[in-house]
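*Asks:* Line by line, the protein sequences give chains Z and F. Reminder that position 236 of the first sequence reads as 236 in my numbering, one-by-one numbering, no gaps. Each position in the second sequence, counted from 1, maps to that position plus 253 in my numbering.
Watch out, some of these pointers could steer you wrong.
DSSO-like cross-link-like pairs, simulated, lysine-lysine; straight-line CA separation at most 27 Å [claimed, not checked]:
1. Z:252 with F:548
2. Z:253 with F:403
3. F:445 with Z:83
4. Z:253 with F:293
5. Z:117 with Z:161
6. Z:56 with Z:117
7. Z:252 with F:445
8. Z:83 with F:309
9. Z:44 with Z:117
10. Z:44 with F:309
Residues from chain F that keep clear of chain Z, each with C-beta distances beyond 10 Å, as calculated [to be verified]:
11. 372
12. 519
13. 520
The set of hints was computed from the structure by calculation and includes no laboratory data. Glycine included, C-beta positions come from ideal geometry on N, C-alpha and C.
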Amino acid sequence: MNKIITSGFIVLFLVPALCGQELTGEDIVQKVNDLFNVESGYAKAKMTIMTTSGQKRTFVYESWSKNKGEKNLVRYLEPGRVKGQATLMLNNADDIWMYFPRTQRVRKLASHAKKQKMQGSDFSYEDMGSGDAFINDFSPKRLKDEKMEGYDCYKLELTRKPDTDVSYSRLIMWVIKESFVPVVIDYYDEDDPALQEKRLVESDIRVIDNIPTAMKVVMHNKNDNTQTELELLEVRYNITLADSMFTERGLKK
Amino acid sequence: MKKWLAVLVFLSLSLSAHAAQDSIELFGYFESQAMGADIKNEFLLLYSNKLRVDLKSSLSEKVTFAANFDYITFHGKTEWNILDFLRSDVIAEVPAGAESFFVLPFSDRHFLDNAYLKLSFKSFDLTVGKQQISLGTGYVWNPTDVFNIKELFDPTYEQPGYNALRLDIPLGSTYTLTTLFSPEDTWKNSAKLIQIKGRISHFDYSLTGIEKVWRFHDYTQFDFVNMNFLELPGKRKLLGASTAGELLGLGVWAEYAYNWMENSEDFYELVVGTDYTFNFQTYMMIEYYRNTLGKTDYEQYNLNDWMRMIALEQKAISRDQIYVFIQHPVADLLSVGISTICSISDNSFALVPTLNYSLSDNVEVFAYLNINFGKEGKVFAKNMGNGGVIRARVYF
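All chains, full assembly: derive it from the sequences and hints.
*Replies:* This is the structure:
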């Protein structure tokens, strides 16, 4: 979830030295992964779920991240039903705690909780790319370059590594050559690598504090025919955040 | 009732006006609930409406005030005779002339549930006033929580506030020392708590020491002067530990408490639990609970056992219990689940199918059925009443 708000939409400009080099799949994924993780950041985001019946559910939340995404805190502002609920993720989301203000309880969650849908949306916490998931859980292979969403892109296939517990057998990713923004990601069924489950599309890419930032991300669920849209309302990078924010005490504030 | 409604409306309007000027947050929910139970071939219904108004104000960066007021009305079958649920040999223990005191009334209530001031400094947080006290890592049962007993069929429902003074002192980034004092009529009778919480690797753990008076009642003796059952207060000293983390990809937690009792037998409680989310989104949880105050033979359950469980004086009357819960999001706005609570000691269990539906952004519907499978006299006996609850909640 943290990646969505702070780093999931953002990438640095391509370092000039990379231009002209023939990048391998590993190089590109490493770049995407590295550039996902800004030193620190704050964002306010709106998540809109569009259901099969055409109904909408809207959530607004704030997020803070530090140490290149190693520490993350997310707190819901709207709707009233979830107001004050917060999630703290440390050690690249290996340690997760959730705070429920109505019962004032903090619950430690195991990493399998990342498979759960985020507030019933088409995003699982895992989809947000916790930690170094693209590198640790998948083996990349560079495919033939393609144009996607109007951008010249690197096309990659990421195949699930053996002995990992991710929910997808493989991903196909289109990465904008200019900025390393993964403009489209296709997610394939965990058991059937030919069956596409979801497609993520990033758009409205703006440069904020010299960092290209996708202000809008839409996840289309092919199985359920639903979609969830994430829109950044406010973003700030490289801000000073106290370590004490990223503790149980900070979670309950 | 009209007077309280007027006060509430006035309070809401005043606070709304004030909230517009200052940084007072006003929120809460309205909850409408219907509960039914099949008792002696008749399906009895109890309806309730609850309005909870929360307010929170950050008076400064270091000072926060929070409070909530609850107003609850009951309708339908508002008096339940507990003796309808008990075996004849247990009913025989009821003191003569006290039968009418075994009727459980559901009366309209309004009360200030929580109201506290929180002072946050760099080196400590001090919380003063009525506040929720949540202890332990267990989901259904919390051996280290001497303040609350969760509802078995609805364990995540909010708990009441307790008058207390709480001090939390962070010790570095991973440890916290907590002390809590919950006043009673004398210092000696007041509850005192000390807890250290920390983290090693991917595990949280805590050590807790508590001293509190436990106010049991003897339901076989009635005090006709005070018109109440005989109270048997006794000092309870508890030393407990809890942990939560991840093992082999599974979420795991455990909680243990040993209790030294002033006037009765010492006992211990233990909880061990695990959970997992499958790739197809199904969530599963298992929790085991042991309470050595509980009995191993249901024939030994007596009037005090039943009443202490119903009056939430004691967490369980059978020694060993297990809770299994499975939930799956069947649609984007709908989750269904089923839990079973099994009393291993007396071979009875209840099945509890559940449903959560998001009707709109701020409206949710929650429902469950409870179907008991057990012989008369057991914890989950059929005659305890099969039924269920449906609840709609609107947040504002």
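*Asks:* Look at each hint and say if it fits the structure.
*Replies:* Going down the list of hints, with the structure as the test:
A hinted pair counts as satisfied when its Cα atoms are at most 27 Å apart, and residue 252 (chain Z) with residue 548 (chain F) does not qualify at roughly 39 Å. Using a Cα cut-off of 27 Å, the hinted pair residue 253 (chain Z) and residue 403 (chain F) holds, with the two alpha carbons roughly 25 Å apart. For the hint linking residue 445 (chain F) to residue 83 (chain Z), the alpha-carbon distance of about 32 Å lies beyond 27 Å, and the restraint is violated. Among the hinted pairs, residue 253 (chain Z) with residue 293 (chain F) is inconsistent with the structure: their alpha-carbon atoms are about 50 Å apart, more than 27 Å.
Between residue 117 (chain Z) and residue 161 (chain Z) the alpha-carbon distance is near 23 Å, which keeps this suggested pair within the 27 Å criterion. The suggested pairing of residue 56 (chain Z) with residue 117 (chain Z) holds, with an alpha-carbon distance near 16 Å, which does not exceed 27 Å. Taken as a hint, the residue 252 (chain Z) and residue 445 (chain F) pair is honoured in the structure, with Cα atoms around 23 Å apart against an allowance of 27 Å. With a C-alpha separation of about 12 Å, the suggested pairing of residue 83 (chain Z) with residue 309 (chain F) holds against the 27 Å cut-off.
A hinted pair counts as satisfied when its Cα atoms are at most 27 Å apart, and residue 44 (chain Z) with residue 117 (chain Z) qualifies at roughly 20 Å. This hinted pair checks out: residue 44 (chain Z) and residue 309 (chain F) have alpha carbons roughly 21 Å apart, not beyond 27 Å. With 10 Å as the threshold on Cβ separation, the claim that residue 372 (chain F) sits away from chain Z holds: the shortest Cβ distance comes to roughly 13 Å. Remark: the non-interface label on residue 519 (chain F) is consistent with the geometry, its nearest Cβ contact in chain Z lying 28 Å away (cut-off 10 Å).
With a least beta-carbon separation of about 25 Å from chain Z, residue 520 (chain F) lies farther than 10 Å from that chain, consistent with its non-interface assignment.
Comparing the model with each earlier hint shows violations of hints 1, 3 and 4; every other hint is respected.
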